[in-house]
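Q: One letter stands for each residue in the lines below.
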Amino acid sequence: MRTGLLQRRASILPGFGLTFGLTLFMLSLVVLVPLSAVFLRAASLPAGEFAAVALSPRALAAYRLSFGTAALAAALNTVFGLLTAWVLVRYDFPGRRIVSALVDLPFALPTAVAGIALTALYAPNGWLGGALAAWGVKIAFTPLGVVVALIFVGLPFVVRTVEPVLADLGPEVEEAAASLGASRLQAFGRVILPAIAPALLTGAALAFARALGEYGSVIFIAGNLPMRSEIAPLLIVVQLEQFNVGGATAIAVTMLLASFALLLLINGLQVWQRRRMAA
Amino acid sequence: MSLSAQNVVKRFGAFTALDGVSLDVGAGEFVALLGPSGSGKTTLLRILAGLEVPESGRIAIGDQDMSDTPARDRRVGFVFQHYALFRHMTVAENIAFGLTVRPRASRPSRAAIAARVAELLDLVQLAHIGARYPAQLSGGQRQRVALARALAVEPRILLLDEPFGALDAKVRKDLRRWLRDVHDRMGLTSVFVTHDQEEALDLADRVVVMDHGRIEQVDTPERVWDRPATAFVCDFLGGGNRIACTANAGLIDIAGVRLPNLAPPLPDGPADGFIRPHEFALAAPGHPGIAARLRRIQRTGPQAALEAVTDSGSIIEVSLSDPPADLAAGAELVLVPTAVRAYRAR
Amino acid sequence: MKTAVTEPRWLRWLLIALALGFLALNLALPLIVVFAEAFRKGADAYLAAIRDPEALTALRLTLTVAAIAVPLNIVFGLAASWAIAKFDFRGKALLVTLIDLPFSVSPVVAGLIYVLLFGMQGWFGPWLRDHDVQIIFAVPGLVLATLFITFPFVARELIPLMEEQGREEEEAALSLGASGWATFRRVTLPNIRWGLLYGVLLCNARAMGEFGAVSVVSGHIRGKTNTLPLHIEILYNEYNFVAAFAVATLLAGLALVTLVVKSFLEWRYAEQLAGHGA
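Residue numbers (the working numbering), protein chains in the order written: chain A, 53 to 331; chain B, 2 to 347; chain C, 27 to 304.
These aren't lab readings, by the way, just hints derived from the structure by calculation. Think of the CB as a built atom: it goes at the ideal place given N, C-alpha and C, for glycine as much as any other residue. There may be inaccurate statements among the hints.
Label pairs and their calculated CB-CB ranges [stated by the list, open to error]:
no. : chain 1 : residue 1 : chain 2 : residue 2 : range
1   : C       : Lys118    : B       : Ser38     : 21 to 31 Å
2   : C       : Glu190    : A       : Gly69     : 52 to 62 Å
3   : C       : Thr123    : A       : Ala104    : 29 to 39 Å
4   : B       : Thr101    : A       : Gly69     : 26 to 36 Å
5   : B       : Trp179    : A       : Ala249    : 24 to 34 Å
6   : B       : Tyr134    : A       : Val225    : 31 to 41 Å
7   : A       : Arg326    : B       : Tyr134    : 54 to 64 Å
No farther apart than 25 Å at their CA atoms in a straight line, the calculated lysine to any residue pairs in the SDA-like style are these [claimed, not checked]:
no. : chain 1 : residue 1 : chain 2 : residue 2
8   : C       : Lys288    : A       : Lys190
9   : C       : Lys288    : C       : Leu228
10  : A       : Lys190    : C       : Asn52
11  : C       : Lys288    : A       : Met279
12  : C       : Lys118    : A       : Phe77
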């Protein structure tokens with residue numbers, strides 16, 4: 053009778069010890085031990101030194117920029133992501149399959165490639181940048197450029213989390229709402245939106261989390277002016293280049309704490325969604 | 002090959018699936034495990050096959066203790082409720098699987114395997130679809146492939162989990178006869194799980210009725226039907242109308258009618274009597290019996306299904322052959338029970 | 027979708043136009059720019075940039091790193107999904123969350139954690155220097171950083187797929203006398219092969235394209251620790267735009283192939299991928 057310490061229910065399938073052990077081993081080696089190293093390193097920093105870097109005006113400006121642009125990009129992605137998911141699920145139009153495949157481009161295209169492409173588009177002498185400059189709008193090398201890059205990297209998250217829920221919802225509930233006398237707008241606002249709210253928020257949170265840590269696509273277009281268009285991940289790199297490992301650690305720990313908080317939020321949202329779907 | 006389970010206990014977390022179950026199946030027997038969902042019948046079957054590990058208890062096949070033998074070495078054929086066919090293999094590859102995974106030393110030759118597969122495809126009457134994939138088969142065909150796959154390794158014991166559960170009524174009946182036939186011809190010892198009492202009574206040599214992880218009764222279909230050992234067995238097999246009565250000196254008194262008890266003896270006092278719809282006769286007014294008003298009558302050929310309401314408001318279902326032609330809703334009836342199974346009142 | 031309950035025609039087309047406009051501006055246009063800029067000075071300049079020895083070295087390094095990181099990820103993904111999907115144990119939800127953790131960590135931080143461990147100022151730095159082992163600013167560092175970034179990819183695809191498929195087929199194989207290994211190889215693996223390929227595809231795309239994490243651990247040693255994305259950055263910062271975009275077309279091509287194969291898998295084997303089935 054083999055009832056392992058960890059196993060709640062004995063199973064006759066073999067290989068639990070081996071695969072579970074290997075999983076824990078690789079997880080510890082690649083993820084857990086290195087991550088805890090950052091926290092141990094940060095803990096060994098004198099409080100004054102930690103604060104001097106992590107809470108310096110330059111760092112605060114970087115956090116503000118990172119959180120602000122990530123939030124703005126996530127908000128725009130939520131609106132347009134929902135629109136895209138809706139159009140892909142509900143309407144038939146020529147080239148729908150190609151458009152659907154294209155939505156995943158940010159998952160497949162390296163961020164550095166996206167970064168230089170967006171910069172080429174929005175630079176003052178670029179394809180769109182030139183025209184926009186005539187209107188007095190500057191995008192590249194300003195915080196707006198950061199937002200443009202973050203929209204790119206975060207776009208698939210909302211579409212891909214909302215799409216299956218919307219497809220699953222089917223037209224029946226809308227038909228039911230219509231037969232009960234609801235207008236289209238009422239049906240959307242009172243039936244569809246509440247049903248997809250958990251998925252929509254999950255997608256938004258995922259896009260925000262990704263945007264917060266994004267580096268490759270941003271640094272080309274941002275201009276990287278301290279206090280103005282320098283994102284928090286870049287500040288870590290700057291500290292490292294100045295051989296200030298302690299400073300880099302201090303900012304990294306601050307960012308990690310934000311990531312973990314987001315992870316908790318996303319997990320909570322997913323639990324909410326599962327309950328919603330099960331009902 | 003006989004099969005036995007002794008004092009098997011199995012828990013899933015706080016839920017006790019099997020609460021000390023013992024069962025002996027003789028060689029060549031065809032036994033049904035019958036019970037509602039959650040009664041533990043599938044768990045017992047899976048433990049017999051070695052697919053589930055019990056907390057305690059012993060399993061033996063023939064005179065060999067199998068408690069610590071893993072499933073792959075038990076030589077037990079198992080037919081899964083949803084067949085569990087390997088979806089990426091053809092029918093023929095599915096059937097051959099058990100032979101092809103044998104260690105090289107005991108593995109039959111390619112030709113021998115092919116011959117065995119052909120023979121089994123014939124047996125299950127699917128010779129023409131060996132090259133198809135499970136997804137291309139009907140439910141009944143999948144069922145037969147699952148059976149052929151289990152038989153390919155020449156098991157000593159065949160265990161079937163709800164073998165007809167996912168099939169429609171017509172296919173069910175045909176397969177039932179056919180399965181019994183295969184069992185008899187191949188000299189197997191078989192145990193199958195079902196929640197359908199008709200299926201169990203129709204097919205098995207002996208029926209094991211289970212409830213809440215315990216065995217309520219093990220008997221031949223006739224005895225399980227005629228002489229249910231417990232109120233649960235009686236009710237589950239279609240006990241019919243439950244009517245309060247009194248046990249008195251070995252006899253059962255229902256509304257003034259005294260009858261022998263077809264259930265095991267019980268002490269004097271209030272009891273629950275079960276009377277099946279066809280176990281009633283009509284009597285003239287004033288005669289002892291249950292007074293009721295006829296609410297609805299449904300005639301099918303010479304048979305009639307009656308629904309009557311007693312003075313206390315409970316409904317009695319009665320089935321009569323050749324009822325009086327003028328019998329109509331609203332009539333006052335006196336129903337005389339002709340047989341009863343009574344159990345201690347709950 | 028055939029239903030009478032839908033938006034008026036004009037609104038439908040307006041919504042479609044809005045969505046397509048948004049996608050064209052944010053996805054299609056950047057992709058087109060990459061190819062247009064690469065060929066701005068003609069095919070010769072393009073070919074010269076691609077054939078540049080440093081570009082070839084970077085390509086080789088990128089392939090090497092992916093060739094080590096992706097198989098390790100496959101091993102991990104198979105082990106993790108087998109343990110998690112086929113067994114019940116305490117702390118399963120926590121384990122799944124921990125596996126997903128790298129998704130929410132900034133690539134720069136992912137690079138930094140290895141610098142803290144193995145860099146000159148790191149814990150093992152002095153020991154590694156004394157024993158002449160180089161991890162940071164060398165291939166092992168690149169592999170580790172890539173492994174971290176791509177860690178959840180395969181497992182994430184396989185866990186829900188294997189959970190969906192249940193244990194019945196494996197139980198059937200065991201009851202027919204198959205060994206554990208034969209059961210895995212002949213029953214489990216064929217059932218998850220398309221899901222596995224799907225996960226590997228995304229894992230590989232990310233492994234070859236990773237920038238932030240690799241940038242931190244690479245040290246940017248030209249012709250030695252520069253992967254393709256890092257090489258693009260150097261060319262770009264040297265205002266060698268045509269060359270930068272030319273090298274970028276290689277990675278954009280990889281992305282396009284990835285998307286095509288991915289769409290094909292979703293179309294052809296929808297029911298054998300997690301969460302794509304009917």
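Q: Does the beta carbon distance between lysine 118 of chain C and serine 38 of chain B stay inside 21 to 31 Å, or does it fall outside?
A: Holds - the Cβ-Cβ distance for lysine 118 of chain C and serine 38 of chain B, about 26 Å, lies within 21 to 31 Å.
Q: Between the alpha carbons of lysine 288 of chain C and lysine 190 of chain A, is the straight-line distance 25 Å or under?
A: Since the Cα atoms of lysine 288 of chain C and lysine 190 of chain A sit roughly 37 Å apart, the hinted pair is violated (cutoff 25 Å).
Q: Arginine 326 of chain A and tyrosine 134 of chain B, beta-carbon distance inside 54 to 64 Å?
A: Violated, at about 33 Å.
Q: Does the hinted range 26 to 36 Å hold for threonine 101 of chain B and glycine 69 of chain A at CB?
A: This hint holds: roughly 27 Å between Cβ atoms.
Q: Are the Cα positions of lysine 288 of chain C and leucine 228 of chain C separated by 25 Å at most?
A: With a Cα-Cα distance of about 8 Å, the restraint between lysine 288 of chain C and leucine 228 of chain C holds, given a limit of 25 Å.
Q: Please work out if lysine 288 of chain C and methionine 279 of chain A have their alpha carbons no farther apart than 25 Å.
A: violated, 41 Å
Q: Looking only at beta-carbon atoms, does the pair tyrosine 134 of chain B, valine 225 of chain A fall within the given range of 31 to 41 Å?
A: holds, 36 Å
Q: Sort out whether asparagine 52 of chain C lies within 25 Å of lysine 190 of chain A, counting only the CA atoms.
A: Roughly 17 Å separates the two Cα atoms, so the pair holds.
Q: Just to be careful, I want the Cα atoms of lysine 118 of chain C and phenylalanine 77 of chain A compared with a cutoff of 25 Å; is the pair within it?
A: Within the cut-off at roughly 15 Å; holds.
Q: 29 to 39 Å was suggested as the range; check whether the CB atoms of threonine 123 of chain C and alanine 104 of chain A agree with it.
A: 33 Å Cβ-Cβ, so the 29 to 39 Å window holds.
Q: How does the Cβ-Cβ distance of glutamate 190 of chain C and glycine 69 of chain A compare with 52 to 62 Å: does it lie in that range?
A: violated, 24 Å
Q: 24 to 34 Å was suggested as the range; check whether the CB atoms of tryptophan 179 of chain B and alanine 249 of chain A agree with it.
A: Hint violated: Cβ distance 53 Å, outside 24 to 34 Å.
Figure legend: structure checked against the earlier numbered hints; hints not met, in rising order: 2, 5, 7, 8, 11.
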